[in-house]
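What follows is the residue order along each chain.
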Amino acid sequence: MIAFSRPFWPLFLHVLGAMTLVGAVLAVVIVSYVAWRRSDLAILARTAFWALVLVGIPSYVVMRVGAQWIYSKEGYSGNGDPTWIGIGLGAADFGLLLLIVTTALAFWWKRSAKPLAGRIVAGLSTVYLVLLAVAWLAMSGKWG
Amino acid sequence: MSTLQWLVMLHITAAFFLVGGSVAAGILNALSIRAERPSETAYLLRLIRVTLPVIGVGAAGTLIFGIWLWHEQRYGIGTFWIWASLVLWIATNALGAIGGKHQERARKLAEQLAAAGDASSAELRALLRDRQGNAMSWLAGATTLGILVLMIWKPGS
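As given, the protein sequences belong to chains S and H, one line each in that order.
Residue numbers for the first sequence follow my numbering, beginning at 1 and rising by one.
Residue numbers for the second sequence follow my numbering, beginning at 1 and rising by one.
Any given hint might turn out to be false.
[Unchecked claim] Below, computed lysine-lysine pairings styled on BS3-like, alpha-carbon distance capped at 25 angstroms: (1) Lys154/H <-> Lys73/S; (2) Lys142/S <-> Lys101/H; (3) Lys73/S <-> Lys142/S.
The hints are simulated quantities; they were obtained by calculation from the structure and are not laboratory data.
The following block holds chain S by itself, in its conformation from the complex (with noise of 0.2 angstroms):
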């Protein structure tokens, strides 16, 4: 509909689905992190929890099929991509893991509100925050 002559759409839905996985990352890593020092407050290991699962893996979903529809549109084999690309395949690839993982144990500290299952959250989710900049900054950067 909006501007056929350049892939509006595609990039559309990769950078908003990957600027609001960021923003559900981020949540976690913040009620992850005050909970090693409140334990107490169950609360924080339900936001923690459906953070992810309802705005970090949908957000997931829609940043994985803009880049694959904006991959095949402009013309992307897999041979000889730019650097950049590979950085993002990677981070989305190695992503999904941590996300699930993450989640997963994000139940477990919500169903058992064990302190350690927090810190493994915390621990994680700093990674993926971490291994997420990388993939904006590389993207964004064009590195390579």
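Knowing the structure of chain S, use the given hints to seat chain H on it.
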């Protein structure tokens, strides 16, 4: 990397801060409404403060690097989509500030209730679900989305 690549990277990084911080604040706000006890509501609303520096850096960075890019890419002074984005940027900040004041009112009431037995009240529930107060935050989100549409679409260029 060229100056242009650096500016684009910094501008987009600032946009990630602005949108990411706003989404995180929105998640904390939305879940505070569903919290069972006022102490939980107050705690989540207090945590929104952690996102404010992130949002602030993002808002400043998008503006500074955006204007720098405007000059660097030699877009005309009357470029519609840039002016429209600037208007939406101002609206986003104004609406976000109004929405933030509403959340602060809710947080103060939740803290009072938490200190007095931690039982919820009809007044707190009404304040948390107040359509006008929450509408400001939703509208701030909508105007941010509008900026993103304009930045990617660039109508007329």
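Hint by hint, here is what the structure shows:
no. : hint                  : result
1   : Lys154/H <-> Lys73/S  : holds, 19 angstroms
2   : Lys142/S <-> Lys101/H : violated, 40 angstroms
3   : Lys73/S <-> Lys142/S  : holds, 18 angstroms
Against the hints set out earlier in the document, a violation occurs for number 2 only.
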